[in-house]
Amino acid sequence: QQQVKQSPQSLIVQKGGIPIINCAYENTAFDYFPWYQQFPGKGPALLIAIRPDVSEKKEGRFTISFNKSAKQFSLHIMDSQPGDSATYFCAASKGGAQKLVFGQGTRLTINP
Amino acid sequence: DAGVIQSPRHEVTEMGQEVTLRCKPISGHDYLFWYRQTMMRGLELLIYFNNNVPIDDSGMPEDRFSAKMPNASFSTLKIQPSEPRDSAVYFCASSTLPGQGAYEQYFGPGTRLTVT
Numbered sequence: 001q002q003q004v005k006q007s008p009q010s011l012i013v014q015k016g017g018i019p020i021i022n023c024a025y026e027n028t029a030f031d032y033f034p035w036y037q038q039f040p041g042k043g044p045a046l047l048i049a050i051r052p053d054v055s056e057k058k059e060g061r062f063t064i065s066f067n068k069s070a071k072q073f074s075l076h077i078m079d080s081q082p083g084d085s086a087t088y089f090c091a092a093s094k095g096g097a098q099k100l101v102f103g104q105g106t107r108l109t110i111n112p
Numbered sequence: 001d002a003g004v005i006q007s008p009r010h011e012v013t014e015m016g017q018e019v020t021l022r023c024k025p026i027s028g029h030d031y032l033f034w035y036r037q038t039m040m041r042g043l044e045l046l047i048y049f050n051n052n053v054p055i056d057d058s059g060m061p062e063d064r065f066s067a068k069m070p071n072a073s074f075s076t077l078k079i080q081p082s083e084p085r086d087s088a089v090y091f092c093a094s095s096t097l098p099g100q101g102a103y104e105q106y107f108g109p110g111t112r113l114t115v116t
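As you go down the protein sequences, you meet chains W and X in turn. Note that the working numbering numbers the first sequence so that position 59 is 59, with each residue one more than the last. Note that the working numbering numbers the second sequence so that position 113 is 113, with each residue one more than the last.
Source of the hints: derived by calculation from the structure; they are not laboratory data. Each hint should be verified, as a subset may be incorrect.
Derived SDA-like pairs: lysine to any residue, alpha-carbon spacing no greater than 20 Å straight-line [stated by the list, open to error]: (1) Lys42/W <-> Asp57/X; (2) Lys94/W <-> Tyr31/X; (3) Lys68/W <-> Val54/W; (4) Lys42/W <-> Ala88/X; (5) Lys94/W <-> Asp30/X; (6) Lys42/W <-> Lys68/X; (7) Lys99/W <-> Thr114/X.
Label-pair restraints from in silico Cβ distances [to be verified]: (8) Thr114/X <-> Ser10/W: 35 to 45 Å; (9) Val54/W <-> Gly16/X: 26 to 36 Å; (10) Gly16/X <-> Glu56/W: 22 to 32 Å.
Note that the coordinates shown come from a computational prediction; the quantities given were computed from them, not determined experimentally. By construction, the Cβ of each residue, glycine as well, lies at the ideal position given by its N, Cα and C atoms.
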């Protein structure tokens, strides 16, 4: 119940395409869902986050879609660029707790 | 602010040796986390502290691992004795809880540990 399942493991998209990364969770107590972006040799950094009271959140070219009934959420990257090539992690936490449960990560490659 | 600082950035040691990883959190942050990242297991939370007190150490793999936070600006993760399966990138992160309840964990650059 503590797991967050992320797919796909890797994804290759042409520049300008819209990569979509999906995550699913079981624990209905989760109430905070961030996405982290990690470049090679660096630590993860918060990209965007959502709470379950909204179904969608946009920040620039990044959008989180949230489906509470299906217990799924996804990250969409509009007009993807080679600079977006990185590993993306979804995560979840519950009840304002600081402890995050991370998905396995998706290695995204945007080809020029 | 310089962000979360970790040292060393790379550590190569022989099996059986003691390894100590160090972390300086962002000033003013009252939560500190230690993570381990491997290809097989992804990003795993090992332990986290609040106001220098360990809150959850359920992710610590075994007694060979220990972590301390003697003050608000310093934490260590120690492995004694080290084993080849401990080879991984170890991240330290820190955070604080804003009034609205949303928070962000700030990660350090990591320590790449290789145990031969």
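Verification of the supplied hints:
no., hint, result
1, Lys42/W <-> Asp57/X, "violated, 24 Å"
2, Lys94/W <-> Tyr31/X, "holds, 16 Å"
3, Lys68/W <-> Val54/W, "holds, 9 Å"
4, Lys42/W <-> Ala88/X, "holds, 14 Å"
5, Lys94/W <-> Asp30/X, "holds, 19 Å"
6, Lys42/W <-> Lys68/X, "violated, 24 Å"
7, Lys99/W <-> Thr114/X, "violated, 27 Å"
8, Thr114/X <-> Ser10/W: 35 to 45 Å, "violated, 24 Å"
9, Val54/W <-> Gly16/X: 26 to 36 Å, "violated, 52 Å"
10, Gly16/X <-> Glu56/W: 22 to 32 Å, "violated, 52 Å"
Checked against the numbered hints given earlier, this structure breaks hints 1, 6, 7, 8, 9, 10; the rest are met.
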